[in-house]
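At position 110 of the sequence shown the residue is numbered 167 (this note's numbering), and the sequence of numbers has no breaks.
For the record, the hints were derived by calculation from the structure and aren't laboratory data.
Every value quoted in this text rests on a predicted model; they were computed, and no experiment measured them.
Any given hint could turn out to be false.
Straight-line distance between alpha carbons at most 30 Å, and here's what the computed DSSO-like set of lysine-lysine pairs gives [to be verified]:
| # | residue 1 | residue 2 |
| --- | --- | --- |
| 1 | Lys-71 | Lys-91 |
| 2 | Lys-71 | Lys-114 |
| 3 | Lys-114 | Lys-91 |
What follows is a set of in silico ranges between Cβ atoms, one per label pair, in the way DEER data are often shown [as the list claims (entries may be wrong)]:
| # | residue 1 | residue 2 | range |
| --- | --- | --- | --- |
| 4 | Gly-181 | Glu-112 | 20 to 28 Å |
| 5 | Ala-76 | Asp-188 | 19 to 27 Å |
| 6 | Ala-95 | Pro-183 | 30 to 38 Å |
| 7 | Asp-75 | Ala-96 | 26 to 34 Å |
| 8 | Trp-175 | Asp-106 | 19 to 27 Å |
| 9 | His-186 | His-109 | 33 to 41 Å |
Here a beta-carbon is modelled for each residue, glycine too, at the ideal position from N, C-alpha and C.
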Amino acid sequence: MDMLTGSCLCGAVKYRIDAPISSLTHCHCSMCRKAHGAAFASYVGVPLDAFHVTEGKDAVAAFHSSETVTRTFCRHCGANLQFVDSRETELGVAAGTLDSALGVPPQAHIFVASRADWYEIRDGLPQHHEDI
Numbered sequence: 058m059d060m061l062t063g064s065c066l067c068g069a070v071k072y073r074i075d076a077p078i079s080s081l082t083h084c085h086c087s088m089c090r091k092a093h094g095a096a097f098a099s100y101v102g103v104p105l106d107a108f109h110v111t112e113g114k115d116a117v118a119a120f121h122s123s124e125t126v127t128r129t130f131c132r133h134c135g136a137n138l139q140f141v142d143s144r145e146t147e148l149g150v151a152a153g154t155l156d157s158a159l160g161v162p163p164q165a166h167i168f169v170a171s172r173a174d175w176y177e178i179r180d181g182l183p184q185h186h187e188d189i
């Protein structure tokens, strides 16, 4: 497996991932929708120790959106970077920030009970009312 790389919108933050992607989830919870300004947020799951900021560590800001979740973003352009739950051994990396080709990892929609009423899921991927 080649390492994957990514960056924020303005390029101030660059990162690499040194492990295979375990999953790609499309989260429909209200916090992810608000954080991304979209119908859902797509995150790739990677082990905590496999994610490395290679440039722009000082540009990474954090927001604690709940008791256990921290979301990171670029303080210059506002691009969402990570979803980190302190109870987990993996973190979610915002899939749209990847610069490397991802391929097609296992995918699912999560928290579909909270999905935006104006968005209809039609892609045939598994749907879960909560997390998986």
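Hint-by-hint comparison with the structure:
Between the alpha carbons of Lys-71 and Lys-91 the distance comes to roughly 24 Å, so the proposed pair stays at or under 30 Å and holds. Proximity of Lys-71 to Lys-114 is assessed by CA-CA distance (about 9 Å); at most 30 Å being required, the pair is judged to hold. Of the supplied pair hints, the one linking Lys-114 and Lys-91 holds, its CA atoms being roughly 24 Å apart against a limit of 30 Å. Checked against the hint of 20 to 28 Å, the pair Gly-181 and Glu-112 fails, with Cβ atoms roughly 38 Å apart.
The beta-carbon spacing between Ala-76 and Asp-188, approximately 21 Å, falls within the hinted interval of 19 to 27 Å. At about 20 Å, the beta-carbon gap between Ala-95 and Pro-183 misses the expected band of 30 to 38 Å. Restraint check, Asp-75 to Ala-96: a C-beta distance of roughly 31 Å satisfies the suggested window 26 to 34 Å. Between Trp-175 and Asp-106 the Cβ separation comes to about 39 Å, which falls outside the hinted range of 19 to 27 Å.
For the pair His-186 and His-109, the supplied restraint of 33 to 41 Å holds, since their beta-carbon distance comes to about 34 Å.
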